[in-house]
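In order, the protein sequence lines correspond to chains A and B.
Residue 1 is where the first sequence starts when you use my numbering, and the numbers rise one by one after that.
Residue 1 is where the second sequence starts when you use my numbering, and the numbers rise one by one after that.
These are computed hints drawn from the structure, not numbers from a lab.
There's no promise every hint is true.
The calculated lysine to aspartate or glutamate pairs, modelled on EDC-like cross-linking and capped at a C-alpha distance of 16 angstroms, are [claimed, not checked]:
(1) A/K163 to B/D20
(2) B/K161 to B/E19
(3) B/K419 to B/D312
(4) A/K31 to B/D84
(5) A/K75 to B/E12
(6) B/K315 to A/D142
(7) B/K282 to B/D270
(8) A/K189 to B/E12
(9) B/K162 to B/D340
(10) A/K127 to B/D314
(11) B/K365 to B/E401
(12) A/K156 to A/D173
(13) A/K164 to B/E19
(14) A/K163 to B/E19
(15) A/K75 to B/D312
(16) B/K464 to B/D301
(17) B/K161 to A/D173
(18) B/K161 to A/D160
(19) A/K183 to B/E12
(20) A/K165 to B/E19
(21) A/K195 to B/E253
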Amino acid sequence: MQKFNSLKSIPAYLPIVNIDTDMIIPAQFLKTIKRTGLGKNLFYAMRYDYNGTEIKNFILNQKPYNNSQILIVGKNFGCGSSREHAPWALLDFGITCVISSSYADIFYNNCFKNGILPIILEEDKIKELSEYSKRKEEISVDLKKEKIIFGNSEIKFEIDPFKKKCLLEGLDDIALSLEKEKKIFSFEKNLKNTKPWIFND
Amino acid sequence: MPQTLYDKIWNEHLVHQQEDGTSLLFVDRHLIHEVTSPQAFESLRTSGRNVRQPNLTLAVADHNVPTTDRSKGISDEESKIQVDTLEKNCKEFGIQLFDMNDKRQGIVHIIGPEQGFTQPGTIIVCGDSHTATHGAFGALAIGIGTSEVEHVLATQTLIQKKSGNFRINVNGTLPIGVTSKDVILQIIGKIGTAGGTGYVIEYAGSLISSLSVEQRMTICNMTIEGGARAGLIQPDKKIFEYLKNKPMSPKNENWEKAEEYWNKLSSDVDAKFDKEITLEGKDIKPMVTWGTSPQDVVTIDGKVPNPEKEFDIDKKNSIQRSLNYMGLKPDISVKDIKIDKVFIGSCTNGRIEDLREAAKILKDKKIANHVSAMVVPGSGLVKEQAEQEGLDKIFINSGFEWREPGCSMCLAMNADKLKPEERCASTSNRNFEGRQGRGGRTHLLSPAMAAAAAISGSLDDVRKYQN
């Protein structure tokens, strides 16, 4: 997994609440067996008209937002389907940091598996940051220090220490879990005795 | 300390408590399908890892299969590659698969219970948000992403952080014409799509206990639409009877042992819940959605909301956006909303009881001329059962199409989808923008209400067709 440390970018602001993963990447693009190549179809229905032409007033179709690495969105972002294609599409487009006041659980977890940092801030802070998007000014995100730096100010954000570590070091959590292999093995052994029906033995 | 059912299942599955507050939990049952698993298998291969417990894993193709004649295979090239990839992966890693032509094939959340693969007190995962369905059996059923699918394949465990406990009590009995779909739509309307975020919901109360196993599945299924990590119900005799003699259920002395264990699965009387709400059955009416979020619900005798009457700016904008997308004017009666299509099926409402409920309304009636309608049974076994009962004839005679099993128009991955601006009365679970096809307009409702809408040609009150 690619590491996340810090970044500086003009944020794109999409002030819509409850953006679901069908909106982020519609079902017709889930037929792939790869993780890459989904960026061109990110927010497909908002981004292209029925002829496949870019819709000019959609923010990610405009300069400089078509190069934004930070996306600021309304609350409950990523609700609905568990499809990891949603963070894959964001990543493939170039977005590695999302800022919202809340996320749906599955999407939130999926971000961390893909080197994307989802930041949670209060609504008034989000409004403040969105001004930077409108003025096309850069903001900086520093994961190590858990802060966003903009103009002469900064905002602290909080993040789970394990998730932070995985992002900073680009850790493979399967390798970490496999370090507990002995524990898994003894759990299974015990389970065969106490609940033999689980293994259908 | 008194514990909830969720606490108990959690503790029973704890392999390792990590210092950072997360836990490694053992996974008893892993369901996989063609859409969210190929990348997981690919990564397993590139990192030289194996599937730890292929025997605890069951695979089926459901999202991307055609619901029309399957004798010629899949014509869509990409869909075919995905379904073939699942078959190849299952063969390589020794996982049991119900392929497209297997009678047991169907929607992953319907076949799990049907086969007895789903069992009380287990942790069940699947790369699909509607995994919540299996909570109806008193299992902790969690929807996961593809990276987590890979993690479970490789380790048979899942890294989780404990959620809060949220109990929703529903008391009383179901009024005539009201189904468990109406109950869950009302709950989502009440708590909102993020109301359950950070929680596991336990459904309790006399009305919940009075529901059949299949009705409970509908409730748990849409738990994810309320944002919760999982939803579950204390298992009881109805659940044990349902599971008895299912192909993958415990047999002989294992059955005795399992049942003894299952009988103990309940929240302690004095268990503490972080959040709790109570609904009364008598207050629940047939529901429909008017907007583009499952929380946008209204009773069938209600009206479409008016954004001008909303003071919260986010809500106002959100209502306006939904009305524009749905092509609806504020303050109109929902019964005046004319529909073009009807879809009966999905993991929410594609089981035999759902088909019986709809068929009861449709018997000896014709659907409106301008409506095209289809039934997609949830599995090959549901289809077979329905045909034995003659339900297929009732549907066909009334003007419905009778299809092969799969996810179909619930998410419009295969050929079954709405055209722009087409309006559909659907028994599925999501009315998101574009969910049933780009520009398509979805109204969620129960199977009986879908049947009533098909006959009337517009959203209608099913109680009109009942005695």
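Hint check results:
{"no.": "1", "hint": "A/K163 to B/D20", "verdict": "holds, 9 angstroms"}
{"no.": "2", "hint": "B/K161 to B/E19", "verdict": "holds, 12 angstroms"}
{"no.": "3", "hint": "B/K419 to B/D312", "verdict": "violated, 33 angstroms"}
{"no.": "4", "hint": "A/K31 to B/D84", "verdict": "holds, 12 angstroms"}
{"no.": "5", "hint": "A/K75 to B/E12", "verdict": "violated, 35 angstroms"}
{"no.": "6", "hint": "B/K315 to A/D142", "verdict": "violated, 32 angstroms"}
{"no.": "7", "hint": "B/K282 to B/D270", "verdict": "violated, 27 angstroms"}
{"no.": "8", "hint": "A/K189 to B/E12", "verdict": "holds, 14 angstroms"}
{"no.": "9", "hint": "B/K162 to B/D340", "verdict": "violated, 44 angstroms"}
{"no.": "10", "hint": "A/K127 to B/D314", "verdict": "holds, 12 angstroms"}
{"no.": "11", "hint": "B/K365 to B/E401", "verdict": "holds, 15 angstroms"}
{"no.": "12", "hint": "A/K156 to A/D173", "verdict": "violated, 26 angstroms"}
{"no.": "13", "hint": "A/K164 to B/E19", "verdict": "holds, 14 angstroms"}
{"no.": "14", "hint": "A/K163 to B/E19", "verdict": "holds, 13 angstroms"}
{"no.": "15", "hint": "A/K75 to B/D312", "verdict": "holds, 14 angstroms"}
{"no.": "16", "hint": "B/K464 to B/D301", "verdict": "holds, 12 angstroms"}
{"no.": "17", "hint": "B/K161 to A/D173", "verdict": "holds, 14 angstroms"}
{"no.": "18", "hint": "B/K161 to A/D160", "verdict": "holds, 10 angstroms"}
{"no.": "19", "hint": "A/K183 to B/E12", "verdict": "holds, 14 angstroms"}
{"no.": "20", "hint": "A/K165 to B/E19", "verdict": "holds, 13 angstroms"}
{"no.": "21", "hint": "A/K195 to B/E253", "verdict": "holds, 11 angstroms"}
Checked against the numbered hints given earlier, the structure breaks hints 3, 5, 6, 7, 9 and 12 and satisfies all the rest.
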